[in-house]
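**Student:** Each chain, written out:
Protein chains: 2
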Amino acid sequence: MPAPIAFWFDFSSPYGYIAAELIDAVAARHDRAVNWHPILLGPIFKQVGTAPLADLPLKGDYAKRDFARTARYHDVPFRLPAVFPIATQVAARAFYLIADADPARAHDFAKRVFRAYFADGRDIADAEVVMALAAEAGADTQALVDPLKGDAVKARVRTEVENAVKAGVFGSPYFIVDGEPFWGVDRLPMLEEWIRTGGW
Amino acid sequence: MPAPIAFWFDFSSPYGYIAAELIDAVAARHDRAVNWHPILLGPIFKQVGTAPLADLPLKGDYAKRDFARTARYHDVPFRLPAVFPIATQVAARAFYLIADADPARAHDFAKRVFRAYFADGRDIADAEVVMALAAEAGADTQALVDPLKGDAVKARVRTEVENAVKAGVFGSPYFIVDGEPFWGVDRLPMLEEWIRTGGW
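Protein chains in written order, with the working numbering: chain V, 1 to 200; chain R, 1 to 200.
It cannot be assumed that every hint is accurate.
Since the list can't tell identical chains apart, any single copy or any two copies may satisfy a pair.
The list that follows gives simulated cross-link-like pairs (lysine-lysine, DSS-like), each with its CA atoms no further than 25 Å apart [what the hints assert, rightly or not]:
#	residue 1	residue 2
1	Lys64	Lys149
2	Lys166	Lys59
3	Lys64	Lys166
4	Lys46	Lys59
5	Lys154	Lys64
Source of the hints: derived by calculation from the structure; they are not laboratory data.
Working from the sequences, and respecting the hints, build out all of it.
**Tutor:** Shown next as C-alpha cells:
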C-alpha cells in the first residue's frame, strides 16, 4: 500500500475547503489514503510573519475574488461568509475527538464543517453548530460534551499545530506526499503528476 | 482584434521568468497580444506589507523548492542565482527605452534578461551585462548609454510601478485580461480558460 497523502488545513481557509472537496477524488485515482489534519493558522502566521490573506492591502481584494472564482472553476459551492476569517479551535478539537473513535467519520465531519461555513454561512465558531454537525456525521455527541471542554484536546490541537510547523507547514491547504510538499489547492495537478510519475 | 493581455513582472521573480517563457504560447493560441510591463516589487511589497518570498521563515525554503520544481514541470531551464533577489532597476529602465523604439525588440530583450539571470546566473544588476543583453537583442546600445542614466527613464519606471499599483498589481507575475486579474504562473491555465470561455 503506498503512503497516505498528509493534508493540513484550517477550517477557516477557503482554499482549504476547495481542496477538501477535491482531494478524495485525487487520492482515489491513485489508491492513496488521505490523513486529514485540521490546524490553526493563527499561531503559524505569527511564526512565518504573515497575516490572513484577506487582510492584506491589494492582495486581500484579489484573494476574495480568487476564492469565488476558483470555487466556481471547480464546481464547488461557495459564498464568502459574513464573518471571515473565523475561530476554528472548537471545530478542530471536535475533529480529533471524533477521529480517535472513527477516522472516516471525522473525515465526513470535516467536509460538513467546511460546507456549513463556506456554502451555508453557518457560524462554525459556535460550539452548538459544531455539535449539530458532529451529530449529522453520526458521532455520539453526548460522549463529546465533556472532552470538548477539557485540557487534553486543547493540548492535542497544540501538538498537531507544532507537528505541522515541524513538517514545514505554513499555510492551508498543505500536502505532503512521498516526502514532497505542496502548498495550495492550485498545486493539486502537480501533486497528482508527482504521484503518477514519481517526481521529476 | 481582442484586447491584449497585460503582463507585469519583476526581473528578479522566478515565477515571472517562468511566466515569460509560457505566456507567448498562451497568447498565440487565442490571437492575443501581450503588453509587457517590468516593474519593481520592492516599493510594492512595502505598500502591501509583505516581503520577498524567499526571505520568509518556512515559506522561503518551500518557495525555493517550488521555483525549481515548477520550472522543471514546464521544461524551463532554471538555477536559483547565487545573488537572489537582485536589483532590477537598470534592466527595467533599459526595457522601456528599448520599447519606445521597438516593442517587439523589448519583448525579446526581456526574455534574454530573465534567461541570463535564471538560467545562466549572470548579474543582471550590472549595467554592462544589461547593455550586452540589449546588444544581443539587436538594440542600438550607443543610443541607450545617456538616457539610461537620465532622470526621464527613472521617472518612467516610477510611473509604471504607480500604474501597476493602481491596477491592483501586488506580485509577479500578474496578468489582466478582459478586466480579469490573475496572479501567479499557476493561474495561467485559469487565465487561458477565462479567455476561451469568456469567464464563469
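**Student:** Checking Lys154 and Lys64: alpha-carbon separation at most 25 Å within a copy, between copies, both or neither?
**Tutor:** Answer is neither: 31 Å inside a copy and 34 Å across each miss the 25 Å cutoff.
**Student:** Evaluate Lys46 and Lys59 at a C-alpha cut-off of 25 Å and name the case that applies: within, between, both or neither.
**Tutor:** For Lys46 and Lys59, the Cα distance is within 25 Å both inside one copy (18 Å) and across copies (13 Å).
**Student:** Measure nothing new, just compare the shortest in-copy and cross-copy C-alpha distances for Lys64 and Lys149 to 25 Å and report within, between, both or neither.
**Tutor:** neither (34 Å within a copy, 41 Å between copies)
**Student:** Can you tell me if Lys64 and Lys166 fall within 25 Å by alpha carbon in one copy, between copies, both or neither?
**Tutor:** between (29 Å within a copy, 18 Å between copies)
**Student:** Regarding Lys166 and Lys59, is the shortest C-alpha distance of 25 Å or less found within a copy, between copies, in both, or in neither?
**Tutor:** Classified as between: cross-chain Cα gap 13 Å, same-chain 28 Å, threshold 25 Å.
Hint compliance for this structure: hints 1 and 5 are broken, all remaining hints hold.
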